[in-house]
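Peer 1: Letter by letter, the chains look like this.
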Amino acid sequence: NAGVTQTPKFHILKIGQSMTLQCTQDMNHNYMYWYRQDPGMGLKLIYYSVGAGITDKGEVPNGYNVSRSTTEDFPLRLELAAPSQTSVYFCASSYFDRGNQPQHFGDGTRLSIL
Amino acid sequence: AQTVTQSQPEMSVQEAETVTLSCTYDTSESDYYLFWYKQPPSRQMILVIRQEAYKQQNATENRFSVNFQKAAKSFSLKISDSQLGDAAMYFCAYRSEGTEGTGNQFYFGTGTSLTVIP
Chain Y
1 NAGVTQTPKF HILKIGQSMT LQCTQDMNHN YMYWYRQDPG MGLKLIYYSV GAGITDKGEV
61 PNGYNVSRST TEDFPLRLEL AAPSQTSVYF CASSYFDRGN QPQHFGDGTR LSIL
Chain Z
1 AQTVTQSQPE MSVQEAETVT LSCTYDTSES DYYLFWYKQP PSRQMILVIR QEAYKQQNAT
61 ENRFSVNFQK AAKSFSLKIS DSQLGDAAMY FCAYRSEGTE GTGNQFYFGT GTSLTVIP
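Taken in order, these protein sequences are the chains called Y and Z. Residue 26 in this note's numbering is what sits at position 26 of the first sequence, and the numbering runs on without skipping anything. Residue 107 in this note's numbering is what sits at position 107 of the second sequence, and the numbering runs on without skipping anything.
Mixed in with the good hints, there may be bad ones.
Calculated lysine to aspartate or glutamate pairs in the EDC-like style (CA-CA distance at most 20 Å, straight line) [to be verified]:
(1) Lys9/Y - Glu79/Y
(2) Lys9/Y - Asp107/Y
(3) Lys44/Y - Asp26/Z
(4) Lys9/Y - Asp26/Y
(5) Lys55/Z - Asp81/Z
(6) Lys44/Y - Glu97/Z
These are calculated hints, taken from the structure and not from any lab test.
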């Protein structure tokens with residue numbers, strides 16, 4: 001049972017560079033989410049998807065883009081990386097997006113931008 | 001946006017003792033769901049326990065239980081017989097009842113770091 005898999009686990013990026021954080025899930029969940037976690041803070045929603053081809057902004061979408069071409073994959077793209085985007089990024093998925101259905105999380109990607 | 005407050009940045013407990021982590025939230029909604037997640041040093045977010053607002057009975061999962069006070073908008077987590085493996089960051093989270101297909105995001109508190117002393 002792989003669950004939610006994120007790659008890479010760690011990465012250092014230079015200011016102005018771009019990269020894609022990968023997220024894949026094997027639970028056939030329709031709903032997928034990207035969060036960032038800054039030190040001493042809770043998780044903040046960046047983008048979410050309610051199914052293949054459908055994405056929408058969360059609380060903190062600026063500087064990021066997403067796509068959802070398949071049910072399994074939900075990559076997060078950082079364009080023109082800035083130091084403020086140094087954070088730990090979590091991908092999550094759920095079968096339903098309401099009720100007591102929990103979100104299942106990946107192990108996170110620690111991203112440093114220097 | 002809903003606000004979730006965890007007023008205890010750090011807590012410690014002796015092994016085998018009981019500890020209670022606090023969580024309050026701000027909402028005008030009557031239907032919602034509350035969750036506690038555990039984040040050990042490995043970083044993975046693990047669901048500990050969940051509570052439906054329409055249920056008066058407090059949820060329990062083995063050594064973990066909650067004290068849900070809807071009128072006070074309080075949702076504390078009690079860990080009994082604490083074990084070394086309980087050491088982690090604990091996050092309280094809120095989700096609206098909402099409408100399916102609209103994302104219905106979780107709102108997280110800032111977390112409480114729990115240390116278990118042998």
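Peer 1: For every hint, state whether the structure bears it out.
Peer 2: To see whether the hints hold, each was checked on the structure:
1. Lys9/Y - Glu79/Y: OK: Lys9/Y and Glu79/Y at ~19 Å, within 20 Å.
2. Lys9/Y - Asp107/Y: Holds, at about 8 Å.
3. Lys44/Y - Asp26/Z: holds, 17 Å
4. Lys9/Y - Asp26/Y: holds, 18 Å
5. Lys55/Z - Asp81/Z: violated, 26 Å
6. Lys44/Y - Glu97/Z: holds, 19 Å
Hint compliance for this structure: hint 5 alone is broken.
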